[in-house]
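A.B. asks: One letter stands for each residue in the lines below.
Number of protein chains: 2
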Amino acid sequence: MSRTWRVGVAGLGTVGAELVRFLQAQPDFAPGRDRVEVTAVSARDRARPRPCRLEGLAWFDDPVELARSPGIDLFVELIGGAEGAAKAAVLAALDAGKPVCTANKAMIAHHGQALADLAEAKDVPLLFEAAVMGGTPAVKLLREGLLGEDVRTLAGILNGTCNFILSEMERSERSFGEVLSEAQRLGYAEADPTTDVGGFDAGHKIAILAALAFGYAPNLECAEISGIERIELLDIRLARDLGYRIKLIASAQREAGGAVVRVAPALVPLAHPLAQAGGALNALFVEGARVGRLYLQGPGAGAGPTAAAVAADIADVIAGARRPVFQRPANELLPCPPADPGHRSGKVFIRLMVHDRPGVIAAVSEALAKAQVSIDSFLQRPVDETGVVPIVLTTQPASEAAVADAVGHIAELDALVQPPRVLPLARI
Amino acid sequence: MSRTWRVGVAGLGTVGAELVRFLQAQPDFAPGRDRVEVTAVSARDRARPRPCRLEGLAWFDDPVELARSPGIDLFVELIGGAEGAAKAAVLAALDAGKPVCTANKAMIAHHGQALADLAEAKDVPLLFEAAVMGGTPAVKLLREGLLGEDVRTLAGILNGTCNFILSEMERSERSFGEVLSEAQRLGYAEADPTTDVGGFDAGHKIAILAALAFGYAPNLECAEISGIERIELLDIRLARDLGYRIKLIASAQREAGGAVVRVAPALVPLAHPLAQAGGALNALFVEGARVGRLYLQGPGAGAGPTAAAVAADIADVIAGARRPVFQRPANELLPCPPADPGHRSGKVFIRLMVHDRPGVIAAVSEALAKAQVSIDSFLQRPVDETGVVPIVLTTQPASEAAVADAVGHIAELDALVQPPRVLPLARI
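Protein sequence lines correspond, in order, to chains D and L. By my numbering, the letter at position 285 of the first sequence is numbered 285, and the numbering carries on one by one without gaps. The number in my numbering is simply the position in the second sequence, starting from 1, with 1000 added.
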């Protein structure tokens, strides 16, 4: 039996317009006998030129009205934003028993539990492949490919803007500020870049992936987020001299009786695939007990890849699979238990800017030794005309408390001209 | 409503035994309320020690009887081999209306059309994620993630044994024969290694992926297959000097009114992720018009990853999705149209072993120029004590007919001490 799925699309930016264009061009893209027809849309500006046809489509100024409309069977939300119209429209669609496909990472990260509760109560799918890594099927991998897997590590490059900036700083030997300005001119970064460069966008995404991998309710509170604003070209160069590249790594690990969900600039060994994903690429490394070490890479944004991910979700709705929104039923999702900081451990990179005086290295070594932190590699560069010299070192695995203790003592040394810079080594 | 799926597993080698162990340990691994219970098994040797419990399971000497048994709801085929018991049992299970999950790439590559016809006529799923790249979801990506996508290129490292041998030849500077012997001692290669090193295993896998990506009936006849037996350490070294690594690349491309499906040792630029997937890793590069350039990497074999892929398929059956076996309905699968060789083109690497005489380079250049083949890079190494010198070059894109013409003329030069070695550059 053949059926036509009437689709309503809210939000006609580049992704929404590309999705409508694709569905109009290939209404039978989903295998089987069902077809898709976009019947209604909602956006702010009707007159804006778009690559899709709007004639014959019902127009709604209010996306909530579109979501409730009896003229659609499936609702696509591409408005964006955790709150407001996007959330109201998705709740309305689910409440009306309509499947929802969305690219809205902020909404899923903030309200995933409530949305999953409603979707499962109404027994309708809520799909969000496009929320993470564009057309690269990270969500499908974790939701469907790794069931029953004891996932040990997720570590990804989930924000293309940050990856572009860090790659370009290294390539062109320019400062963060210079490259950010260029990225803004080219349209790769927003006028207010905080969401991207502050790590918040990557934070939304890793909160979603951690929920899928570990069976947690998505929880941004659980994530420690820092951005790339303070990364200097010198850090990039010195890390490279030690065999690493600095990437904004969004990671999730179970340890010390809980989970560490974190976004932070981190050192990745040059030979690891995550170190080699340059430019605006996104990438995800997953390690599981049975499945081993998997790696996915692809464009993380852009109208084509993002619309392709939404279309794949629409096809999944049509295929009729019934799965919990987050790999386990919404009423069985666990709270994300923060790992006990006293028992968390890892390797770190420490950069010190010191006046070149006898005894500095001895004092640094002593502070580390006292805190039981062992040095893995150590590099001092020649003194320049300012008399200030960078010293960098990486440690063996050590508890975060011990590292904080040692760094506290080092920070008090007279020879230091600025506070120590501490970056984690990615645990991959 | 909760349900228990009674699963029958035929084939209790390392993968089958690991799958049974996993399902016994986590009968509720699939999300939702359904459970899985292994109720019956079939294998050749009942007494062999295995990591799973066999007490309480019905034992069948004949897998076909197991497949038909009213005591199972879902049949898992892990016997292997394109024909014989595996195929008979899968046909029996489908005919009895039971979903089938299999890791059998040879059977799917050879008989995919007939099996899909039967599965779709009976409206039961036939899933084979484990047939390609173990637990890395290459099949799911192509079947579900890239619907409606104009896939332009598939290129993968799909045989871990060949990748191990080539990586190890480069690392340890040993010959193919030496490394193969070591791989056989270590159990990484079979006593008769033809299926792996001859490229046939990768051929089965790329035939399956091409069917999923392009909507073709799987067709091994359409694939051109060559192996790595003739790759010399010298080729590996010289390719590297030109900035490439030799990998056994399984590829599928649409061009010249048809498709080129091929397994061949090919040159991959050192900076491409496919060049960096070393050891026994598998990897797949996919380029689509909308979705861009995607890359997946993971262990391609081993009991854990392969059993994890079968378990994911079982969960998909439980989730109840209804999809065609090969991304489009079996009765709409197209024949794989071979590309017209006169219109196929690409870049190639040519290695010549010549006596060092004046005029050799001029003669080689002339033969290429006459056939309208342009040289991209050229390298001659110093003459050693034998007076024989390797000359290697890579070409600009040229038709395969033109390259064959030029190589034919070069092969007739008196200075040559062995026939020219021609390898394609991977089109990635």
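No lab work stands behind these hints: they were computed from the structure. The reader is advised that the hints may include incorrect statements.
Said to hold, decoys possible - Pair by pair, the computed Cβ-Cβ distance ranges are:
1) L:1412 / D:233: 52 to 60 Å
2) D:49 / L:1289: 20 to 28 Å
3) L:1289 / D:55: 19 to 27 Å
4) L:1096 / D:4: 31 to 39 Å
5) L:1033 / D:33: 49 to 57 Å
6) L:1241 / D:152: 36 to 44 Å
7) L:1380 / D:232: 43 to 51 Å
8) L:1033 / D:62: 34 to 42 Å
9) D:378 / L:1404: 52 to 60 Å
To be verified - One-sided and incomplete, this derived list gives chain L residues near chain D with beta-carbon spacing under 10 Å:
10) 1136
11) 1298
12) 1413
13) 1415
14) 1418
15) 1419
This structure is a prediction, so every number in the text was calculated from the model and none was measured. Built from N, CA and C at the ideal position, the CB exists for glycine as well.
A.B. asks: Compare the structure with each hint and give your call.
C.D. replies: The hints, checked one at a time:
In this structure, residue 1412 (chain L) and residue 233 (chain D) meet the distance hint of 52 to 60 Å, their C-beta atoms being roughly 57 Å apart. Look at residue 49 (chain D) against residue 1289 (chain L): about 22 Å separates their beta carbons, and that is inside 20 to 28 Å. Taken as a hint, the range 19 to 27 Å holds for the pair residue 1289 (chain L) and residue 55 (chain D), whose Cβ atoms sit roughly 26 Å apart. For the hinted restraint 31 to 39 Å between residue 1096 (chain L) and residue 4 (chain D), the CB-CB distance of approximately 34 Å keeps it satisfied.
At about 29 Å, the CB distance of residue 1033 (chain L) to residue 33 (chain D) disagrees with the hint of 49 to 57 Å. Taking 36 to 44 Å as the suggested C-beta distance range, the pair residue 1241 (chain L) and residue 152 (chain D) conforms, at roughly 40 Å. The hinted window of 43 to 51 Å between residue 1380 (chain L) and residue 232 (chain D) holds, with their beta carbons roughly 45 Å apart. Checked against the hint of 34 to 42 Å, the pair residue 1033 (chain L) and residue 62 (chain D) passes, with Cβ atoms roughly 38 Å apart.
The given range of 52 to 60 Å is respected by residue 378 (chain D) and residue 1404 (chain L), whose C-beta atoms sit roughly 58 Å from each other. Nearest Cβ of chain D to the Cβ of residue 1136 (chain L): about 6 Å, under the 10 Å cut. The hint holds. Against a cut-off of 10 Å between C-beta atoms, the interface hint on residue 1298 (chain L) holds, since the closest Cβ of chain D lies about 4 Å away. Taken as an interface hint, residue 1413 (chain L) does not check out: its beta carbon lies about 41 Å from the nearest beta carbon of chain D, beyond 10 Å.
Interface hint at residue 1415 (chain L): violated, since its Cβ lies 41 Å from the closest Cβ of chain D, which is beyond the 10 Å cut-off. The restraint placing residue 1418 (chain L) at the interface with chain D is violated, with a minimum CB-CB distance near 36 Å, outside the 10 Å limit. A least Cβ separation of about 37 Å between residue 1419 (chain L) and chain D goes past the 10 Å threshold, and the interface hint is therefore violated.
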